[in-house]
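Q: The task is simple: from the sequences and hints, build the whole structure.
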Amino acid sequence: MKAKSVSREPISDDALTTQARHGHRASFTILMNRHRLAATAFAREVMQSRVPSELVETAYDILWHSIVSTSRHSWIFRRQLFQTIRTLAISQNDASTSARQPHRTSPTAQRLQETTSAVRAFRRLPLPWQEALWYLDVERISATDAATYLGLARSTTRALRTIALDQLKQEWIEIYCTTPLPLSCDKAVQIMRTEIFASRRSTARSSAFTHINGCLRCTIVHTQIDNLMAVIRPALRRPLFIPLRHD
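Using full-length UniProt numbering, the letters of the sequence shown map in sequence onto residues 1 to 247.
Among the hints, a few may not be true.
[As the list claims (entries may be wrong)] Pair by pair, the computed Cβ-Cβ distance ranges are:
hint, residue 1, residue 2, range
1, Thr18, Asp61, 18 to 24 Å
2, Ile163, Thr116, 19 to 25 Å
3, Arg124, Pro239, 36 to 42 Å
Derived from the structure by calculation, the hints contain no laboratory data. For each residue, glycine too, the CB sits at the ideal point set by N, CA and C.
A: Here it is, written out as structure tokens:
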């Protein structure tokens with residue numbers, strides 16, 4: 001009689017990082033191999049040239065020492081890897097300080113300023129939720145690959161992304177409400193919050209949308225809430241993915 005095969009989910013990045021923190025170099029090697037292609041592609045993108053392999057290897061070395069020297073972490077491994085590569089690339093770039101700045105800095109700075117509250121909302125989420133949104137909505141990789149990094153089934157990863165996105169909207173509204181609002185705006189925002197999870201057809205809802213249609217502030221909030229990742233994605237990607245200039 002044949003034994004039934006047991007389906008095992010891959011070990012998540014978080015679990016591998018925890019193992020590495022206890023000195024398991026083999027676990028860190030799995031992380032390195034898992035993200036090496038993405039790291040190489042990222043380094044090529046920011047450097048706009050053939051990737052020196054030393055750059056990626058040095059980044060991994062820095063991350064290894066960072067992991068084993070701390071008792072915990074609160075970052076997405078791949079995003080931290082990208083940030084480390086970019087920091088190294090900047091330090092190795094011989095261009096002037098001004099030439100290192102992004103092209104068209106003013107619009108970029110303005111966009112980042114506009115999305116500050118959205119990024120704050122993203123960072124309030126539990127790390128696995130941030131990871132699900134980072135991979136599926138920021139990097140836009142496949143659910144299959146994201147599931148590997150999260151150590152979950154593909155269907156579970158998609159469900160986690162849905163939950164995370166709903167909570168992101170809640171957190172964003174919560175931050176928005178920290179600024180005192182006129183009573184009519186506050187009521188409209190509360191209706192928007194309720195709509196995240198269920199459609200409400202009521203007199204209150206009708207009244208709220210009458211207000212929204214005549215209020216610029218609430219119109220902006222209502223427009224952005226259903227496409228919040230489109231607001232957040234550039235703010236999270238641009239500081240990492242803007243190429244360095246070589247003048």
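Q: It remains to establish, for every hint, whether it holds in the given structure.
A: To see whether the hints hold, each was checked on the structure:
1. Thr18 - Asp61: 18 to 24 Å: Since the Cβ atoms of Thr18 and Asp61 sit about 19 Å apart, the hinted range of 18 to 24 Å holds.
2. Ile163 - Thr116: 19 to 25 Å: With Cβ atoms ~24 Å apart, the hint holds.
3. Arg124 - Pro239: 36 to 42 Å: 19 Å, violated
Going through the hint list in order, the structure does not satisfy hint 3, though it satisfies all others.
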